[in-house]
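Kindly generate the complete structure, drawing on both the sequences and the hints.
So the protein sequences, as listed, match chains A and B.
Those letters in the first sequence? Residues 2 to 357, per my numbering, in order.
Those letters in the second sequence? Residues 3 to 507, per my numbering, in order.
Bear in mind the hints are in silico, worked out from the structure with no lab data behind them.
Where hints are given, some of them may not hold.
Some, not all, of what chain A presents toward chain B, calculated at C-beta under 7 Å [claimed, not checked]: (1) Ser223; (2) Gly288; (3) Lys289.
With a Cα cut of at most 30 Å, we get these calculated BS3-like pairs of lysine-lysine [to be verified]: (4) Lys335(B) x Lys208(A); (5) Lys344(B) x Lys289(A); (6) Lys289(A) x Lys386(B); (7) Lys208(A) x Lys398(B); (8) Lys383(B) x Lys208(A); (9) Lys26(B) x Lys233(B); (10) Lys289(A) x Lys327(B).
Reference listing, derived: stretches of chain A covered by chain B, where coverage requires no fewer than 3 residues with Cβ under 8 Å from a Cβ of chain B [claimed, not checked]: (11) 208-221; (12) 227-234.
By construction, the Cβ of each residue, glycine as well, lies at the ideal position given by its N, Cα and C atoms.
For reference, the chains in residue letters:
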Amino acid sequence: MKKKKFSMNDIMQSKITWAVVAELLILLVCFIIRPDFFSIKYQPATGMLYGSLIDILNRSAEITIISMGMTLVIALAGTDLSVGSLVALSGALALKFLRWDVLVYNTPGDYTVKPFILVILVPLAVCTLLGLFNGFMVSRIGMQPIIATLILMVCGRGLAQIVTNGKQFTTLYSPFRVIGQGSFLYLPMPIIITIVVVAAVSIFVRKTAFGTMVESVGINPSASRLSGINSRRIVMIVFALTAFLSGIAGLIMASRVMSNDSNNFGINFEMDAILAVVIGGTNMAGGKFSLAGTVVGSIIIRTIVTFVYYFGIVSEATMAFKALIIILVIVLQSEPVRQRMSKLGKKKAKGGVVHA
Amino acid sequence: MPDQYLLEMKGIEIQFPGVKALDKVDFFLNKGEIHSLLGENGAGKSTLIKCLTGVHHMDAGTILFDGKEITPTSPQDAFSMGISTVYQEINLCPNLTVAENIFVGRQPMKGGMINWKEINRRARELMNRFHMDIDVTRPLSHYSTAIQQMVSIARAVDIDAKILILDEPTSSLDDNEVKLLFDVMNELKSEGMGIIFITHFLDQVFAVSDRLTILRNGRLVGTYDIHDITKLQLVTYMIGKDMDAIFNLKRADVAPDAPEMLRAEQLGAPGQIQNVNLSIRKGELMGFAGLLGSGRTETAELLFGAVPATEGTETVNGKQVSIKKPIDAIMAKLAFCPEDRKRDGIIGDLSIRENIALALQARRGFMHPISLQEQNEMADKYIKMLSIATPDAEKKIGELSGGNQQKVILARWMATQPDLLILDEPTRGIDVGAKAEIQRLMLEMCNDGVSVIFISSELDEVIRCSNRIVVLRDGKLVGEVNGEDCTQQTILGIIAEGTQEGVSA
Numbered sequence: 002m003k004k005k006k007f008s009m010n011d012i013m014q015s016k017i018t019w020a021v022v023a024e025l026l027i028l029l030v031c032f033i034i035r036p037d038f039f040s041i042k043y044q045p046a047t048g049m050l051y052g053s054l055i056d057i058l059n060r061s062a063e064i065t066i067i068s069m070g071m072t073l074v075i076a077l078a079g080t081d082l083s084v085g086s087l088v089a090l091s092g093a094l095a096l097k098f099l100r101w102d103v104l105v106y107n108t109p110g111d112y113t114v115k116p117f118i119l120v121i122l123v124p125l126a127v128c129t130l131l132g133l134f135n136g137f138m139v140s141r142i143g144m145q146p147i148i149a150t151l152i153l154m155v156c157g158r159g160l161a162q163i164v165t166n167g168k169q170f171t172t173l174y175s176p177f178r179v180i181g182q183g184s185f186l187y188l189p190m191p192i193i194i195t196i197v198v199v200a201a202v203s204i205f206v207r208k209t210a211f212g213t214m215v216e217s218v219g220i221n222p223s224a225s226r227l228s229g230i231n232s233r234r235i236v237m238i239v240f241a242l243t244a245f246l247s248g249i250a251g252l253i254m255a256s257r258v259m260s261n262d263s264n265n266f267g268i269n270f271e272m273d274a275i276l277a278v279v280i281g282g283t284n285m286a287g288g289k290f291s292l293a294g295t296v297v298g299s300i301i302i303r304t305i306v307t308f309v310y311y312f313g314i315v316s317e318a319t320m321a322f323k324a325l326i327i328i329l330v331i332v333l334q335s336e337p338v339r340q341r342m343s344k345l346g347k348k349k350a351k352g353g354v355v356h357a
Numbered sequence: 003m004p005d006q007y008l009l010e011m012k013g014i015e016i017q018f019p020g021v022k023a024l025d026k027v028d029f030f031l032n033k034g035e036i037h038s039l040l041g042e043n044g045a046g047k048s049t050l051i052k053c054l055t056g057v058h059h060m061d062a063g064t065i066l067f068d069g070k071e072i073t074p075t076s077p078q079d080a081f082s083m084g085i086s087t088v089y090q091e092i093n094l095c096p097n098l099t100v101a102e103n104i105f106v107g108r109q110p111m112k113g114g115m116i117n118w119k120e121i122n123r124r125a126r127e128l129m130n131r132f133h134m135d136i137d138v139t140r141p142l143s144h145y146s147t148a149i150q151q152m153v154s155i156a157r158a159v160d161i162d163a164k165i166l167i168l169d170e171p172t173s174s175l176d177d178n179e180v181k182l183l184f185d186v187m188n189e190l191k192s193e194g195m196g197i198i199f200i201t202h203f204l205d206q207v208f209a210v211s212d213r214l215t216i217l218r219n220g221r222l223v224g225t226y227d228i229h230d231i232t233k234l235q236l237v238t239y240m241i242g243k244d245m246d247a248i249f250n251l252k253r254a255d256v257a258p259d260a261p262e263m264l265r266a267e268q269l270g271a272p273g274q275i276q277n278v279n280l281s282i283r284k285g286e287l288m289g290f291a292g293l294l295g296s297g298r299t300e301t302a303e304l305l306f307g308a309v310p311a312t313e314g315t316e317t318v319n320g321k322q323v324s325i326k327k328p329i330d331a332i333m334a335k336l337a338f339c340p341e342d343r344k345r346d347g348i349i350g351d352l353s354i355r356e357n358i359a360l361a362l363q364a365r366r367g368f369m370h371p372i373s374l375q376e377q378n379e380m381a382d383k384y385i386k387m388l389s390i391a392t393p394d395a396e397k398k399i400g401e402l403s404g405g406n407q408q409k410v411i412l413a414r415w416m417a418t419q420p421d422l423l424i425l426d427e428p429t430r431g432i433d434v435g436a437k438a439e440i441q442r443l444m445l446e447m448c449n450d451g452v453s454v455i456f457i458s459s460e461l462d463e464v465i466r467c468s469n470r471i472v473v474l475r476d477g478k479l480v481g482e483v484n485g486e487d488c489t490q491q492t493i494l495g496i497i498a499e500g501t502q503e504g505v506s507a
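Set out below in structure tokens:
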């Protein structure tokens with residue numbers, strides 16, 4: 002078997018290279034302004050490591066998890082707008098089960114529906130079912146994904162409001178706190194969950210033929226069908242998976258604040274997730290995708306936000322600042338720039354040979 | 003010889019990674035001439051054209067256009083110099099009207115607004131000049147491929163083009179449409195335009211061109227006056243081998259007691275095609291003959307489940323099967339190379355390896371992946387067996403030439419080790435050498451016990467390879483002849499007879 006060799010040219014041409022370069026550049030700027038940006042300290046009180054870098058990874062968890070699914074949706078040449086609403090719904094369902102007692106006691110207590118596992122499973126199951134609904138609308142009814150998922154984007158928050166009667170619940174139940182605020186191996190739990198999700202999705206997609214089939218359907222649905230691929234099933238699985246992952250993100254979010262907020266949970270998450278995928282080098286037109294790229298994309302987005310907070314840039318300017326950096330990243334990895342860079346690289350390489 | 007050529011390309015060299023795509027190629031085009039550019043797939047025709055239209059950058063050589071040196075940097079650039087190109091695939095917007103398509107990007111304006119009246123009037127004039135009386139305000143998708151092709155030519159010549167490049171314009175046209183195109187080409191020629199014509203149809207080369215240039219493996223073989231060369235010479239020059247050696251094909255031997263591989267009884271999908279009755283034996287090659295639109299493709303799609311049959315029965319290897327979608331057919335060991343390679347065959351952005359493994363993988367289901375090692379072995383085996391021209395199996399299939407794409411699709415199906423292989427126009431748009439190779443492969447597979455259904459518009463090809471030929475007309479099977487003792491006349495007779503019945507009925 003031939004081993005695939007990575008030439009300098011491949012590296013210069015790869016989109017993920019440029020996403021990583023962009024991330025490093027932003028971090029470099031942080032480092033120049035504040036050398037202590039990179040310091041990581043151990044905090045005995047919480048048993049966790051603490052620092053800006055850890056914070057970036059911790060806070061990017063929700064988007065990273067959701068965008069694993071979003072990458073596959075986009076590889077199928079679709080988009081899923083409903084992820085933000087599902088985050089809100091998942092949080093609302095969890096809190097509903099944690100505060101089933103709300104009519105009896107007015108103060109948040111140590112109560113939960115027994116067994117506790119229902120608090121986790123029901124929101125995830127509901128989200129998965131709604132994901133199947135998305136998949137059904139796309140694959141059976143033949144709706145465009147952006148329209149089909151718009152339905153749930155709009156009514157998902159409504160469902161969340163209905164679940165909690167429009168109320169915001171608070172809980173103090175400590176096992177639930179572990180999801181968003183606990184730690185494992187000195188790392189905040191959301192980072193651990195993210196690592197598990199990224200690994201699981203990557204293995205599912207690349208160690209089976211699922212990823213190739215997603216790409217195949219995304220590139221040429223007609224030829225894929227004639228080659229025997231059941232594209233309907235693939236679409237259903239991808240949308241269900243994305244919704245399931247949104248459910249996980251919703252639980253993390255709810256656990257961070259031990260509360261639900263149907264109006265504000267997951268706002269603009271669909272945009273951030275799509276952005277993470279695009280920055281990661283997956284084309285919106287579908288086809289080839291890169292999960293690793295998406296992870297980098299999600300971290301870039303969070304780095305920008307952290308950067309803005311950390312350096313006290315007025316919060317009104319956050320969005321504009323974010324846009325600026327994202328434009329930079331996208332331009333860096335655009336076709337013409339990459340071509341030029343790889344040509345530059347080639348010339349330098351040739352020069353080196355002459356000198357040697 | 004005129005004292006000055008309209009276009010002189012001299013000493014053109016282009017280096018691609020690992021291969022010299024063009025090596026000191028000269029090409030001269032006169033004013034008012036139709037000049038055919040010929041060669042096998044990968045000979046460098048497209049590369050030469052792309053060099054002229056600014057897609058590729060030359061490593062060496064000069065281009066003189068009207069005596070002045072030019073270096074086109076992009077297709078738009080070449081276009082504005084007066085070099086117009088019509089590609090094999092139609093590069094128009096199907097949802098715009100005919101008139102909009104012709105004038106998009108350069109709409110005549112009036113007081114800052116688009117002058118729709120003027121656009122439609124001029125579009126109508128232009129189409130009339132091509133003897134086409136169509137409603138230019140209808141969307142392009144309303145018309146047939148042939149008319150769409152004409153529209154793209156109309157668009158190309160309406161700007162004051164001096165050179166018109168036609169890259170395989172006839173591959174989707176029928177005989178009448180081709181004739182119409184030739185009339186237009188001759189008209190443009192008489193107006194002094196230089197036309198570069200690329201085609202795989204050798205008859206068309208002799209029907210319309212004045213001179214021809216042959217390329218082989220990136221090198222110039224020569225430029226000839228059309229009267230100084232015979233068809234046989236031409237083919238020999240193109241492939242660099244003797245014609246007889248390639249076309250020395252022998253039909254498959256079918257034992258008289260060979261078991262029945264597939265039987266279709268009263269199979270049909272109302273509205274598409276009905277009453278398909280067929281029986282194919284193991285190792286037999288069955289040809290489908292008939293005019294365009296006679297139901298050849300529809301019959302194949304019905305057998306394979308691309309169009310689900312709602313009535314009748316299909317029996318494979320003696321067992322009745324229910325084929326509602328392609329995967330059912332693949333499970334029953336059927337395989338189908340569709341007619342439109344680009345739309346229904348290749349997964350453009352995936353590698354050759356992934357494209358080859360696709361159908362087998364689909365049959366196994368995604369939870370049972372074919373290991374990378376198996377995939378590599380499979381890809382290497384078929385690249386060698388079908389002599390697919392590629393540096394390695396990781397190249398994207400979309401970057402291969404048409405003939406090589408076809409071979410990869412063939413490999414995809416061979417990898418599933420089918421019992422019955424349906425090939426719909428497998429030789430369309432590919433060169434003589436590759437054509438002969440595919441025919442040879444089909445026959446070899448028959449000898450290995452695979453049954454083949456072979457659909458082609460070229461009758462001589464069908465006759466040369468088939469054991470039996472089924473003739474279709476108007477969505478019906480109207481006759482069946484033995485391949486060994488049949489001529490074009492017999493088949494044309496059956497097609498014509500069918501027509502007479504139709505008239506009297």
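Hints, one by one, checked against the model:
1. Ser223: holds (5 Å)
2. Gly288: Because about 5 Å separates Gly288(A) from the closest Cβ in chain B, which is inside the 7 Å limit, the hint holds.
3. Lys289: Since chain B brings a Cβ to about 6 Å from Lys289(A), closer than 7 Å, the hint holds.
4. Lys335(B) x Lys208(A): holds (26 Å)
5. Lys344(B) x Lys289(A): holds (18 Å)
6. Lys289(A) x Lys386(B): holds (27 Å)
7. Lys208(A) x Lys398(B): Cα-Cα ~21 Å, so holds.
8. Lys383(B) x Lys208(A): holds (23 Å)
9. Lys26(B) x Lys233(B): holds (26 Å)
10. Lys289(A) x Lys327(B): Distance ~26 Å between Lys289(A) and Lys327(B) Cα, so the pair holds.
11. 208-221: holds (count 10)
12. 227-234: holds (count 5)
Hint check: no violations occur; every hint is consistent with the structure.
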